[in-house]
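Participant: Modelling step: build the complete structure from the supplied sequences, incorporating the hints.
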Amino acid sequence: MAIEVRIPTILRTHTDGAKTVQGSGDTLSALVDDLDAQHSGLKGRLLTDEGALHRFVNVYVNDEDVRFTGALDTTLKDGDSVTILPAVAGGSPARPGAVLGG
Amino acid sequence: MARFASLVDSLGGTPLVGLPRLSPSADVRLWAKLEDRNPTGSIKDRAALYMVEAAERDGRLVPGTTLLEPTSGNTGISLAMVARQRGYRLICVMPENTSTERRQLLEMYGARIVNSPAAGGSNQAVAMAKEMVAQDPDLVMLYQYGNEANARAHYEGTGPEILADLPTITHFVAGLGTTGTLMGAGRYLREKVPSIQIVAAEPRYGELVYGLRNIDEGFVPELYDDTVLSTRFSVGPRDALRRTRELVDCEGIFAGISTGAILHAALGMADKALAAGVPADIALIVCDGGWKYLSTGAYAGTLAEAEEALEGQLWA
Chain A
1 MAIEVRIPTI LRTHTDGAKT VQGSGDTLSA LVDDLDAQHS GLKGRLLTDE
51 GALHRFVNVY VNDEDVRFTG ALDTTLKDGD SVTILPAVAG GSPARPGAVL
101 GG
Chain B
1001 MARFASLVDS LGGTPLVGLP RLSPSADVRL WAKLEDRNPT GSIKDRAALY
1051 MVEAAERDGR LVPGTTLLEP TSGNTGISLA MVARQRGYRL ICVMPENTST
1101 ERRQLLEMYG ARIVNSPAAG GSNQAVAMAK EMVAQDPDLV MLYQYGNEAN
1151 ARAHYEGTGP EILADLPTIT HFVAGLGTTG TLMGAGRYLR EKVPSIQIVA
1201 AEPRYGELVY GLRNIDEGFV PELYDDTVLS TRFSVGPRDA LRRTRELVDC
1251 EGIFAGISTG AILHAALGMA DKALAAGVPA DIALIVCDGG WKYLSTGAYA
1301 GTLAEAEEAL EGQLWA
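Chains A and B supply the protein sequences, listed in that same order. Quick note: the first sequence uses my numbering, first residue 1, plus one each step. Quick note: the second sequence uses my numbering, first residue 1001, plus one each step.
Keep in mind that the hints were calculated from the coordinates and are not lab data. Since the model is a prediction, treat every value here as computed from it, not as a measurement. Heads up, a few of these hints could be off.
Now the stretches of chain A that chain B is said to cover, found in silico as 3 or more residues with beta-carbon under 8 Å [unchecked claim]:
#	stretch
1	48-56
2	67-73
From chain A, some residues computed to sit far from chain B (all C-beta separations above 10 Å) [stated by the list, open to error]:
#	residue
3	E4
4	T15
5	D36
6	G79
C-beta: ideal position from N, C-alpha, C; glycine also.
Facilitator: In C-alpha cells form, the structure reads like this:
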C-alpha cells in the first residue's frame, strides 16, 4: 500500500530534502508511525507530546483537512495523497513577486 | 433601492446569481454572491466598515486617529477608502514585494505603507504591526484576524442576505483567510438551517510561501473556530485558475483567483450531492473581480503558464 506524502520545506531536514515520500498505513496515525520509522524525528514535529496534531500543522488527505475527517483516525487507502503544511497568515512569499491577498 | 446618501451607504445587498451552466443538474444548483459589487470592489468592505464603526462606538477612533493594519490586499484598500471618508489616517504594514497595483490603490486612497521583509511574509507583517502598536499608544490596530466586528459584518449582513435570497440553501462555500466570512455567515446560517454544510476553501500556494523557520512561527487567526465548519479543502493554484477561467467562459463572471478556489470546492460538493441523488442549493462567494490580478498572468496563456506565473505569489 503506497501513499504519497508531500513534505513542507520546514520538515525536509527529516527526509534528506525530499519533497515527497512514500508511506503506508490504514489510518493517518499508522502512516505517521511508518513515516517516523523511515524518517526519524518526523512524528515529534507533527504531533504534540500528548499525541494530538500540532496546532500549527495542517494535514490534508486528497485536499480535505483531516481535522474534519477524524484527525489521526482518518482512514487511508492505496493511492491517497497526503499533504502536510504549516499554518500561516495568508502565506509568506519568499521571492520577489506580487503579494495579492489579505 | 438604488439611491444612497454616500458610497459607503451602498455597502452590501449584493446580487445572488445562478450559475446555470456550471450547475450539474436542475436539482443541484450553484449560486454566486457577487461581493465584487461593493464600494471598493471586494467583500472586505463589509469587515472594514464594521470594524471602523465598532471602534467609533467604543471611542477608540476620533478624527485624526491613525489606524495601523497588517494587510497587503483588499482589507487595506477597503480601510483606506473608509478612513479617507471619515478623516482617519491609515498605515498598512505589508511585505515589501507587494504588487504595484495594490500600492497604487492604497496610495491613491491616502494610505501610508510600511514595508516588512519579504522573506517573513504575512506572518512577519502581523508580528511587526503588533510590535508597532505596542510601542506607540496613539496607533489603533483594528486587527482583522481577531476583531469580532469582522465576523459580525457577515453574521448581520452576508448571512441574512443569502438566506433571504435562497431559503432552500444546503451548502455555503467561502474562502478561508481571516476566517471572518465563514465564522460570521457560517454561524448565522447554521442557526437558521441546522442541516447546512459550511465549507471552507483555503488557497494552497507554492511551497516558497510556507517558508517558516520553525513550526511554532505558525499562525491561526484568533477568530477561527473550527466547530462552525463542516469541512475544509486546500485548493492549489492549478484548480483555482482552471475554475476562475471556467467562471468567465461559462457564466461571464470575471472574478479574482480566490473565487476560483471557492468554486472548485463548491463543484466538489455539487458532485457529491449529484452522486448521492439529493437536491442541493449551493451558495458560494465571489470575493472580488479579476482586475487586480491581470498583471499576475493568471488570465493569459495556457493554464501551465499561468500556474508558473503564480508560483511564489499570494494569489488569494
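Participant: Of the hints stated earlier, which fail here?
Facilitator: Violated hints: none at all, because every hint is consistent with the structure.
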